[in-house]
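J.: Below, each chain spelled out in residue letters.
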Amino acid sequence: MNNPENIEADDLPDSRGHFGNYGGRFVSETLMLPLQELETAYLQCRNDESFRQQLQQDLRDYVGRPSSLYYAERLSEQVGGARIFLKREDLNHTGAHKINNTVGQALVALRMGKTRIIAETGAGQHGVATATVAARLGLECVVYMGVDDIKRQALNVYRMRLLGAEVVGVDSGSCTLKDAMNEAMRDWVANVDTTFYIIGTVAGPHPYPMMVRDFQTVIGEEAREQMQRQHGQLPDAVVACVGGGSNAIGMFHSFLGDDGVRIYGVEAGGDGIETGRHAAPLGAGEPGVLHGNRTYLMQDEDGQIIETHSISAGLDYPGVGPEHAWLKDSGRVDYVAVTDDQAMAAFHQLTLTEGIMPALESSHAMAYAVELAAGMKPDQAVLVCLSGRGDKDVHTVAALQGIEV
Amino acid sequence: MPATRIGARFTKNQAAGKKTLITFITCGDPDLETSLMLMRKLVDAGVDIIELGVPFSDPMADGPVIQKASERALAHHVSVGDVLALVRQFRQQDSDTPVVLMGYLNPIEHKGYEGFADEAVAAGVDGVLTVDMSLEESANYREVMNGAGLDTVFLVAPTSGADRSQKIATASSGFVYYVAVKGVTGGARADFVEVAEKVGTLQKQSTTPVAVGFGISNPQDAAQIAEFADAVVVGSAIIKQIEEQPGAAGIEAATELVRQIRQAMDE
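Chains V and C are the protein sequences, given in the same order. Each step along the first sequence adds one to the number in this note's numbering, with nothing skipped, and position 67 is 67. Each step along the second sequence adds one to the number in this note's numbering, with nothing skipped, and position 67 is 67.
FYI, nobody ran anything at the bench for these hints, they're computed from the structure. Please note that a few of the clues may not be correct.
Unchecked claim - Listed next, the stretches of chain C that the computed footprint assigns to chain V, with coverage defined by at least 3 CB atoms under 8 angstroms from CB atoms of chain V: (1) 91–99; (2) 132–142; (3) 158–167.
What the hints assert, rightly or not - Every beta carbon over 12 angstroms from chain V, so not counted as near; a handful from chain C, in silico: (4) Val43; (5) Ser57; (6) Gly63; (7) Gln67; (8) Glu71; (9) Glu109; (10) Ala122; (11) Phe192; (12) Glu197; (13) Ser206; (14) Pro219; (15) Glu252; (16) Gln263; (17) Asp266.
Don't be surprised by glycine CBs; every beta carbon is placed ideally from N, CA and C.
Work the whole structure out from these sequences, hints included.
T.: In structure tokens form, the structure reads like this:
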């Protein structure tokens with residue numbers, strides 16, 4: 001057993017993909033070689049100057065980085081506490097942080113000579129970001145999506161099809177993100193020679209949690225520098241929503257060594273943790289093994305994975321990245337939950353005060369940030385990762401208000 | 001670790017010049033009574049070892065047939081405890097046929113390795129095959145399972161290199177399971193020439209018997225595999241019979257298929 005307090009975050013994962021007791025590589029044997037090949041290829045890319053230059057150029061010219069840091073002045077005044085800063089990942093190409101990772105993994109895929117890309121998606125943001133890079137590079141693309149999510153996210157399904165991707169409905173299990181991930185794994189196992197699997201979050205078997213994190217840390221690196229430049233100092237608190245946890249890891253990493261910065265990960269509280277209808281494995285789950293890694297999971301007394309609930313399809317996942325599990329146990333990050341209703345209120349509040357419509361995922365981070373800021377002083381600052389824009393959620397919001405658009 | 005029922009069965013078959021037939025069924029599909037009846041009938045039809053599938057909500061390595069079987073079992077909450085209770089019942093009439101529990105890690109992890117191993121041995125289980133337990137992660141798992149007297153069966157895949165295959169065969173006890181195809185259970189038929197070559201290498205690398213499974217669905221294929229492998233595993237093809245014809249008719253159809261496979265292997 002590793003004592004989390006004695007490990008530096010920068011050293012993780014270890015060579016076998018472990019973050020303390022979490023992470024690792026729990027897959028059927030057929031996938032072990034492809035995962036080793038991927039790890040080798042990725043580590044070569046990471047140390048290769050020409051790869052880094054290409055990635056930086058793509059992030060600048062194609063994604064539109066750096067994304068801006070915005071001081072939400074009216075919102076801060078309305079809340080009446082700390083100053084609230086938004087890291088605007090919603091301004092990226094395709095409207096969310098997901099593209100940071102798909103651009104990176106697609107470059108790795110090209111270097112490995114793979115011609116076919118597969119992905120899983122829940123809300124459709126990662127699917128769209130994958131279909132986008134596949135279109136740009138001329139690669140075949142298949143996206144697996146639960147049939148329930150296909151119904152909830154029709155707009156993104158159509159976007160993926162416009163981008164030339166094949167969207168395959170998954171009708172097994174709970175017909176949502178976790179089942180889409182199962183199906184993508186089954187595709188990969190049958191087509192390992194030609195196919196690159198772009199996982200959209202910091203979960204899955206090693207090296208995915210490490211690789212996706214590395215591609216997302218640009219969020220926090222930029223934000224840390226921008227805070228110092230625009231605010232004159234580091235924030236007092238950093239807040240991000242956590243489903244699988246890729247935007248959160250990307251934001252948190254640069255601040256883990258800053259002892260004065262409190263860090264909060266916000267899970268989906270759904271109808272409330274006490275109702276059992278939520279998607280908060282860190283807050284109310286237990287460690288277990290799913291999708292290739294050991295982490296906190298929502299599971300029943302028999303070790304079966306249970307259905308989650310969140311108004312936000314992107315947070316509707318029973319697991320969480322293993323590095324978050326480790327950060328929770330280490331005490332460095334506080335994981336909290338926000339209900340559907342609180343997230344909806346934050347969605348409307350930000351839209352009305354700042355003219356920024358956040359994704360329902362990001363609305364969870366906003367809800368907690370607003371609550372936190374209210375109890376802080378005006379010379380303090382809260383940095384929020386605004387991970388995506390809310391256009392995709394307009395139908396959901398309208399339906400809640402009984403309006404058909 | 002003393003020879004288990006699995007080792008004894010292989011030794012006995014080898015002495016008789018007979019290949020070993022292993023069948024997979026999902027426990028509790030569609031109910032526990034059917035599974036128990038099926039296990040007994042399969043033994044009567046000539047099955048040597050029963051792989052009993054522990055249903056899991058997220059069977060990543062399985063094709064549609066076993067996925068649906070798992071869902072049917074989970075519809076009435078078949079748990080690890082129920083599976084062990086069923087093995088205990090089976091053992092009341094059969095103290096001879098080895099039973100291997102096959103499934104995914106989380107239900108075992110949730111119970112705790114020690115608790116699971118002790119209860120499994122007490123129920124009469126002989127081995128475990130945990131699909132998503134990789135060799136790299138398995139040190140503690142093997143120590144606990146083997147320590148309790150359970151064989152640990154691991155998979156070797158077409159993608160496993162020679163060095164790795166040797167390590168897996170060494171870590172395996174009872175038998176080592178060669179996955180004939182890149183893909184999920186119940187999928188395409190393998191290239192048997194390639195399979196024979198890989199199995200030959202494995203047999204040279206270790207003394208652990210080699211079973212071949214994935215995509216073997218009929219007597220002809222089983223007989224062909226039995227020419228070079230120590231054991232043949234059939235799963236989805238049997239479950240399909242249960243799925244297509246509920247009740248006694250399905251059990252009879254599954255049993256008949258196994259009878260034919262046994263016959264073809266013995267010819």
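J.: It remains to establish, for every hint, whether it holds in the given structure.
T.: To see whether the hints hold, each was checked on the structure:
no., hint, in the structure
1, 91–99, "violated (count 0)"
2, 132–142, "holds (count 6)"
3, 158–167, "holds (count 5)"
4, Val43, "holds (27 angstroms)"
5, Ser57, "violated (4 angstroms)"
6, Gly63, "violated (7 angstroms)"
7, Gln67, "violated (5 angstroms)"
8, Glu71, "violated (7 angstroms)"
9, Glu109, "violated (5 angstroms)"
10, Ala122, "holds (19 angstroms)"
11, Phe192, "holds (18 angstroms)"
12, Glu197, "holds (17 angstroms)"
13, Ser206, "holds (16 angstroms)"
14, Pro219, "holds (25 angstroms)"
15, Glu252, "holds (28 angstroms)"
16, Gln263, "holds (31 angstroms)"
17, Asp266, "holds (30 angstroms)"
In summary, the numbered hints that this structure violates are 1, 5, 6, 7, 8, 9.
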